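In numbering that gives the first Met the number 0, the protein residues as written are 0 to 180.
If you're looking for bench data, these hints aren't it; they were derived computationally from the structure.
Wrong hints could be hidden among the right ones.
What the hints assert, rightly or not - Between beta-carbon pairs, the in silico distance windows are:
id, residue 1, residue 2, range
1, PRO68, LEU175, 12 to 20 Å
2, LEU158, ASN88, 18 to 26 Å
3, ALA135, GLY180, 17 to 25 Å
4, ASP167, ALA139, 31 to 39 Å
5, GLY60, ASP167, 19 to 27 Å
6, LYS159, ALA139, 17 to 25 Å
7, GLY103, ASP171, 19 to 27 Å
8, HIS94, LYS124, 13 to 21 Å
Claimed, not checked - 27 Å max Cα-Cα, derived DSS-like pairs, lysine-lysine:
id, residue 1, residue 2
9, LYS16, LYS46
10, LYS91, LYS16
11, LYS46, LYS165
12, LYS16, LYS174
13, LYS165, LYS91
14, LYS124, LYS173
15, LYS173, LYS91
16, LYS124, LYS174
17, LYS124, LYS16
18, LYS159, LYS174
19, LYS46, LYS174
20, LYS124, LYS91
21, LYS16, LYS159
22, LYS156, LYS16
23, LYS156, LYS46
24, LYS173, LYS159
25, LYS46, LYS173
26, LYS159, LYS46
27, LYS16, LYS173
28, LYS165, LYS16
29, LYS174, LYS91
If you're wondering where the values come from, they're calculated on a predicted model, not measured in any experiment.
Note that beta-carbon positions come from the ideal geometry of N, C-alpha and C, so glycine has one too.
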Amino acid sequence: MARRKKDAETDTLPRVKIITSKGEIVVELFEDDAPNTVANFVSLVEKGFYNGTPFHRVIGGFMAQGGDPTGTGTGGPGYAIECECNDPNTRKHFHGTLSMAHAGPNTGGSQFFLTFGATEHLDGKHTVFGRVIEGADVLANLERTQGNRQSGGSLDKILKAEIVRKRDHVYDPKKLPDPRG
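Whenever a hint applies, use it, and build me the whole structure from the sequences.
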């Protein structure tokens, strides 16, 4: 709770609006805790990378995953970034957490997920880099749909992601080679 109080007092953290087929979600980004992951996300938002991409994996009671331009769960931006989740004081996964998806340590790129509840088993394994501050009802509607590529149901989409505010510097993430080759 001390971190949330500090965040509220400074009120300078970047924010992104994710306009989905179910409505709008605003996320606050934890730049002080995960600066490279936030730089990566903001840079991709600024490039329009997420626009039109599906939530390709939705698991009720767990999370909605998006950010793959192929919609298959295997796509990304052509590079990877380092995990920022190894610090013992790292942020935890709770309802409405924005976290980096990956296929193993240091393989995250563009895919992320929004949690529908506490997911302690991911703490220290996936980088928490934001939280939902507006649109909890939209997040709940994404969960109820439970469409995913395996079920053959229709997929909800990110129609557009846009910067609400950011700090006054360039967001240029440190990149690693793409683990997919």
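- [ ] Could you tell me whether the CB distance from HIS94 to LYS124 stays inside 13 to 21 Å?
- [x] Distance hint for HIS94, LYS124 holds at roughly 18 Å.
- [ ] Would you check the hint for LYS159 and LYS46, treating anything up to 27 Å between C-alpha atoms as holding?
- [x] Holds: LYS159 and LYS46 sit about 11 Å apart, inside 27 Å.
Task: Agreement of LYS46 and LYS173 with the hint, judged by alpha carbon distance not exceeding 27 Å - done: Distance of about 16 Å is within 27 Å: holds.
Task: LYS16 paired with LYS173 [C-alpha distance capped at 27 Å] - done: holds, 24 Å
Open item on the list: Taking 12 to 20 Å as the stated bounds, is the beta-carbon spacing between PRO68 and LEU175 within them?
Closed with: holds, 19 Å
- [ ] Take the C-alpha atoms of LYS165 and LYS91, compute the straight-line distance between them, and say whether it is at most 27 Å.
- [x] holds, 23 Å
Open item on the list: LYS165 and LYS16 were given as a pair; does the straight-line alpha-carbon distance stay at or below 27 Å?
Closed with: holds, 12 Å
Task: Holds or violated: LYS159 to LYS174, with C-alpha atoms at most 27 Å apart - done: Measuring from Cα to Cα gives roughly 24 Å; hence the hint holds.
Open item on the list: Check the hint pairing LYS16 with LYS46 against an upper bound of 27 Å on the C-alpha distance.
Closed with: Given pair LYS16, LYS46 holds - Cα atoms ~14 Å apart, limit 27 Å.
TODO: For ASP167 and ALA139, compare the CB-CB distance with the range 31 to 39 Å and indicate the outcome.
DONE: holds, 35 Å
Task: Satisfaction of hint between LYS165 and LYS46, Cα-Cα up to 27 Å - done: Holds, because 15 Å separates the two Cα atoms, which is no more than 27 Å.
Task: Assessment of proposed distance window 17 to 25 Å (beta carbons of ALA135, GLY180) - done: violated, 39 Å
In the structure shown, a violation is registered for the earlier hints numbered 2, 3, 5, in ascending order.
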